[in-house]
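A.B. asks: Letter by letter, the chains look like this.
Protein chains: 2
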Amino acid sequence: MERKNLILAGAFVWAAAATGWAQSTLPQDSARQQQKAQLVRGLYTDALTHQQGYRLLESLCSEVGPRPVCSSGDARAIAWAVRKLEELPFDSVYLQEVPDNPRWVRGVETASAVGYGKKGALNVTALGGSVGTPGGNKGAGIRAELVEVQNFQELDVLAAAGKIAGRIVFFNRPLDPSYINTGSAYGNAGDQRWAGAQEAGKHGAVAVLVRSLTLRTDDFPHTGAMSYGDASVKIPAAGISTQDANWLSSELKKNPGLRVQLTLGCEMLGTCTSYNVVGEWRGTGNPEQIALVGGHLDSWDLGTGAQDDGAGCVQSIQALGLLMRSGYRPNRTHRVVLYANEEFGLNGGRAYAASALSRSEVHVLAIESDGGSGTPRGFSTENAAARERLEQFKPFLAPYGLLAYSVGGSGADISALRGQGDVVLVGLSADSQRYFDYHHSAQDRIESIHPRELELGAAALAALLYLFDTNP
Amino acid sequence: MERKNLILAGAFVWAAAATGWAQSTLPQDSARQQQKAQLVRGLYTDALTHQQGYRLLESLCSEVGPRPVCSSGDARAIAWAVRKLEELPFDSVYLQEVPDNPRWVRGVETASAVGYGKKGALNVTALGGSVGTPGGNKGAGIRAELVEVQNFQELDVLAAAGKIAGRIVFFNRPLDPSYINTGSAYGNAGDQRWAGAQEAGKHGAVAVLVRSLTLRTDDFPHTGAMSYGDASVKIPAAGISTQDANWLSSELKKNPGLRVQLTLGCEMLGTCTSYNVVGEWRGTGNPEQIALVGGHLDSWDLGTGAQDDGAGCVQSIQALGLLMRSGYRPNRTHRVVLYANEEFGLNGGRAYAASALSRSEVHVLAIESDGGSGTPRGFSTENAAARERLEQFKPFLAPYGLLAYSVGGSGADISALRGQGDVVLVGLSADSQRYFDYHHSAQDRIESIHPRELELGAAALAALLYLFDTNP
Numbered sequence: 019m020e021r022k023n024l025i026l027a028g029a030f031v032w033a034a035a036a037t038g039w040a041q042s043t044l045p046q047d048s049a050r051q052q053q054k055a056q057l058v059r060g061l062y063t064d065a066l067t068h069q070q071g072y073r074l075l076e077s078l079c080s081e082v083g084p085r086p087v088c089s090s091g092d093a094r095a096i097a098w099a100v101r102k103l104e105e106l107p108f109d110s111v112y113l114q115e116v117p118d119n120p121r122w123v124r125g126v127e128t129a130s131a132v133g134y135g136k137k138g139a140l141n142v143t144a145l146g147g148s149v150g151t152p153g154g155n156k157g158a159g160i161r162a163e164l165v166e167v168q169n170f171q172e173l174d175v176l177a178a179a180g181k182i183a184g185r186i187v188f189f190n191r192p193l194d195p196s197y198i199n200t201g202s203a204y205g206n207a208g209d210q211r212w213a214g215a216q217e218a219g220k221h222g223a224v225a226v227l228v229r230s231l232t233l234r235t236d237d238f239p240h241t242g243a244m245s246y247g248d249a250s251v252k253i254p255a256a257g258i259s260t261q262d263a264n265w266l267s268s269e270l271k272k273n274p275g276l277r278v279q280l281t282l283g284c285e286m287l288g289t290c291t292s293y294n295v296v297g298e299w300r301g302t303g304n305p306e307q308i309a310l311v312g313g314h315l316d317s318w319d320l321g322t323g324a325q326d327d328g329a330g331c332v333q334s335i336q337a338l339g340l341l342m343r344s345g346y347r348p349n350r351t352h353r354v355v356l357y358a359n360e361e362f363g364l365n366g367g368r369a370y371a372a373s374a375l376s377r378s379e380v381h382v383l384a385i386e387s388d389g390g391s392g393t394p395r396g397f398s399t400e401n402a403a404a405r406e407r408l409e410q411f412k413p414f415l416a417p418y419g420l421l422a423y424s425v426g427g428s429g430a431d432i433s434a435l436r437g438q439g440d441v442v443l444v445g446l447s448a449d450s451q452r453y454f455d456y457h458h459s460a461q462d463r464i465e466s467i468h469p470r471e472l473e474l475g476a477a478a479l480a481a482l483l484y485l486f487d488t489n490p
Numbered sequence: 019m020e021r022k023n024l025i026l027a028g029a030f031v032w033a034a035a036a037t038g039w040a041q042s043t044l045p046q047d048s049a050r051q052q053q054k055a056q057l058v059r060g061l062y063t064d065a066l067t068h069q070q071g072y073r074l075l076e077s078l079c080s081e082v083g084p085r086p087v088c089s090s091g092d093a094r095a096i097a098w099a100v101r102k103l104e105e106l107p108f109d110s111v112y113l114q115e116v117p118d119n120p121r122w123v124r125g126v127e128t129a130s131a132v133g134y135g136k137k138g139a140l141n142v143t144a145l146g147g148s149v150g151t152p153g154g155n156k157g158a159g160i161r162a163e164l165v166e167v168q169n170f171q172e173l174d175v176l177a178a179a180g181k182i183a184g185r186i187v188f189f190n191r192p193l194d195p196s197y198i199n200t201g202s203a204y205g206n207a208g209d210q211r212w213a214g215a216q217e218a219g220k221h222g223a224v225a226v227l228v229r230s231l232t233l234r235t236d237d238f239p240h241t242g243a244m245s246y247g248d249a250s251v252k253i254p255a256a257g258i259s260t261q262d263a264n265w266l267s268s269e270l271k272k273n274p275g276l277r278v279q280l281t282l283g284c285e286m287l288g289t290c291t292s293y294n295v296v297g298e299w300r301g302t303g304n305p306e307q308i309a310l311v312g313g314h315l316d317s318w319d320l321g322t323g324a325q326d327d328g329a330g331c332v333q334s335i336q337a338l339g340l341l342m343r344s345g346y347r348p349n350r351t352h353r354v355v356l357y358a359n360e361e362f363g364l365n366g367g368r369a370y371a372a373s374a375l376s377r378s379e380v381h382v383l384a385i386e387s388d389g390g391s392g393t394p395r396g397f398s399t400e401n402a403a404a405r406e407r408l409e410q411f412k413p414f415l416a417p418y419g420l421l422a423y424s425v426g427g428s429g430a431d432i433s434a435l436r437g438q439g440d441v442v443l444v445g446l447s448a449d450s451q452r453y454f455d456y457h458h459s460a461q462d463r464i465e466s467i468h469p470r471e472l473e474l475g476a477a478a479l480a481a482l483l484y485l486f487d488t489n490p
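Residue numbers (my numbering), protein chains in the order written: chain A, 19 to 490; chain B, 19 to 490.
Warning: the hint list may mix true and false statements.
One copy or two, either will do: identical chains are not told apart, so a pair holds if it fits within one copy or between any two.
Unchecked claim - When the alpha-carbon atoms are kept at most 25 Å apart in a straight line, the in silico SDA-like pairs for lysine to any residue are as follows:
1) LYS412 <-> SER196
2) LYS271 <-> HIS68
3) LYS272 <-> ASN489
4) LYS136 <-> TYR346
5) LYS412 <-> ALA402
6) LYS181 <-> LEU287
7) LYS252 <-> SER196
8) LYS156 <-> SER130
9) LYS102 <-> SER130
10) LYS220 <-> TYR418
11) LYS136 <-> VAL380
12) LYS412 <-> VAL425
13) LYS102 <-> PRO305
No lab work stands behind these hints, which were simulated from the structure alone.
Kindly generate the complete structure, drawing on both the sequences and the hints.
C.D. replies: Shown next, in the form of structure tokens:
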């Protein structure tokens, strides 16, 4: 028997060892607190058991697919969102006009190291907003010597030495792997993608290749928005896979005269109007006060935007669905907002905030999920006062692994509401380790989503909305 | 410019929003505290930048592969471990004899629903320790009616009604998805696998099929240890994939007379001696005091044991490697212990503890990593006093996302040290959401490992060892 017990202990001790944070941290519990804890528990049970958020995401990725603003996918996504919101008992579901979005279209995109045959083929993709190479899809493209730089300082030095004009500039500074949060690594490498073409163009470069903003070494080029700022000269810009960036860099050391042939057919075709999709659930006590949860409905075109930001959209819908099914009657009015065009200018966020201002709407809370579907770790706010307001809910949320309450920004879309009264802006903090493996690449597909991790995020949003709403 | 700034904010706000917990929580910092914080930072930078732990795991999975105790893989793993430890500046690397391990071998394993043709084929695998069906690999197997139960209470009721004798019992209680920590779901479903055959055999059943202990619905059967206890009748036991379990359950409702054909060639072939592999790094101040970090070197045979427990082994090796490369000279003696035979009886853990006792060794700390390679969340201990000792390090560890300090057990292998002096027993708490997707199945391969998540675990172990060692 001793042996049996030892073995049993061995086989299943993991269960005990790993329960970790899942202990009650509630203060001496009043009946009311117990009731609140039970409602939160019910939200998680519904989410994890029925996984309706994950099913929504499967539907979005398979039935809509990629949905850059102004694309046919964008229109399909809006119709999809209305349909899905109408399946829930919202008091109203409506569209909000979002004008002046760029209609940028991708075309041919090929690149190769000249003289290397098939081995020289490079995995590239145009950065969002880039001009094409001369003649576009049918042109001969650009062929020029490549010059590698790590940053704008090095660019300036090389330009002064006459080594930038007429060349293709290869921005190849990797994400710094020593950051614990990959978002910081991304942020600190992002200037190359955003402003690389603008800076290199000033010095007479003819195009730029930018190392993909990922910590993975693989063959998938990552896209993302870039800007020419007020530059008068616009040169083409493409992302290159990290694997190919490493290869190019190594070849360039052996062959400093290495030339690259680049053809991009992308172009800007004016603008379009898109729409925020809003579902409204009226409050019973203070309906004039609004609590919002949202993500952005647009995505890049290479994958199906499962992580960025399909996950945030379905988590937001599911969060209100969970609350509705729990039987809770909200005190304040709750809205899910699926924002148009985050990726190409934040137009949706600005249109929503402008509308709120013009209607004198009172937002008390806005939560955004746009950091992927990793296991939620907590919430991020914009200032210490907001963090303290959230931390009072920690006794209810810690059993679900929500232990991190930080000051570090909230979300891109909701940030336009900043300064409208006392609105508390909150971002869901998801585990970041895998996010940039997929982000803005063909890898951003449903296969990258773990259903339970996604649902834990949805339940976290629902729990925070509920606790905030019941708080005096 | 406003537009540019807005767009920039949009593109990279994620970085800020998601930094989350990564803020300094150090108290007013003395120079000594700053120095300690810097050493910890260095451990993480080394781990994340060079990923030597991940390389070790690639080597273990590809060069050794599956390594059940007493198998040829077990011997290869021991030789591999000695080689890898000898590449680091340990003062000594040695083997510790672990006698009397079961030499259980798998054979043919096929099952099908009779009369369903190819559609009736079932994905099954023998549970570890099971007897084979009559005649083993060359026998005709067992063909009998199937009866589904959820638990032992239902089994008893059906037995009393004469519905168990002569039948194959199908234990089909799923893991409860509402648990936040999947280890708890696993623990609460584990009795079916562990004791299902023992209980069903008492009532005259001829075999058992056990629903795989995973929250995924897929085609991979999961194995794991089972026991006949003191039962005189031993009946064969196999795990069945969750997909096939669902199908069988649904067919059984339509066709209550459904029969299953099961052939298992597994058998027990006596015992063998295996070995714990130990690397010892002598302390400079109090070398008689020992701090231990470890995992188990044996694995199941269906995959390559990347998660269970290759991850824990390489994290333990890497933890001491990180400390060695940091230039730190330990006060106490540090050991990495790669335990033999966790899966089939905890013999390695017991042999280590017995040796420590007989030599009057003084263990002050033992840390185990055996919960997979998910992002580390914190540490689990066995009592409140131990938790408090660890929580004093939180200011140094919180910037790395180590926020959960709980009382909930430590680890199977180290648990045999319990009661030897004041040893603090600690388990690394890793994010559990994906662990049972792979556990004990063919899915437990290197492809399931995320290099950064694995390395964060190794650095967490190193940081805790360091902080504990520098603490008076």
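A.B. asks: Checking an output row: LYS102 and SER130, CA cutoff 25 Å. Within, between, both or neither?
C.D. replies: For LYS102 and SER130, the Cα distance exceeds 25 Å both inside one copy (44 Å) and across copies (41 Å).
A.B. asks: For LYS136 and TYR346, with the copy left unspecified, which applies at a CA distance of at most 25 Å: within, between, both, or neither?
C.D. replies: Neither: 62 Å inside a copy, 49 Å across copies.
A.B. asks: Between LYS181 and LEU287, at a C-alpha cutoff of 25 Å, which is it: within one copy, between copies, both, or neither?
C.D. replies: neither (34 Å within a copy, 73 Å between copies)
A.B. asks: Regarding LYS412 and ALA402, is the shortest C-alpha distance of 25 Å or less found within a copy, between copies, in both, or in neither?
C.D. replies: both (15 Å within a copy, 20 Å between copies)
A.B. asks: State whether the alpha carbon distance between LYS156 and SER130 is at most 25 Å within one copy, between copies, both, or neither.
C.D. replies: within (17 Å within a copy, 59 Å between copies)
A.B. asks: Within, between, both or neither: how does the pair LYS412, VAL425 come out at a Cα-Cα threshold of 25 Å?
C.D. replies: both (15 Å within a copy, 18 Å between copies)
A.B. asks: At 25 Å max between alpha carbons, let me know whether LYS252 reaches SER196 within a copy, between copies, both or neither.
C.D. replies: neither (34 Å within a copy, 54 Å between copies)
A.B. asks: Within a copy, between copies, both or neither: which one fits LYS220 and TYR418 at a CA-CA cutoff of 25 Å?
C.D. replies: Result: close neither inside a copy nor across copies, 51 Å intra and 41 Å inter.
A.B. asks: Measure nothing new, just compare the shortest in-copy and cross-copy C-alpha distances for LYS412 and SER196 to 25 Å and report within, between, both or neither.
C.D. replies: between (29 Å within a copy, 20 Å between copies)
A.B. asks: Checking LYS102 and PRO305: alpha-carbon separation at most 25 Å within a copy, between copies, both or neither?
C.D. replies: within (23 Å within a copy, 65 Å between copies)
A.B. asks: Since the copies are identical, ignore which copy is meant and state whether LYS136 and VAL380 lie within 25 Å (CA to CA) inside a copy, between copies, both or neither.
C.D. replies: neither (60 Å within a copy, 63 Å between copies)
A.B. asks: Please work out whether the CA atoms of LYS271 and HIS68 approach to 25 Å or closer within one copy, between two copies, in both situations, or in neither?
C.D. replies: between (55 Å within a copy, 23 Å between copies)
Consistency with the previously given hints fails for numbers 3, 4, 6, 7, 9, 10 and 11, ordered from lowest to highest.
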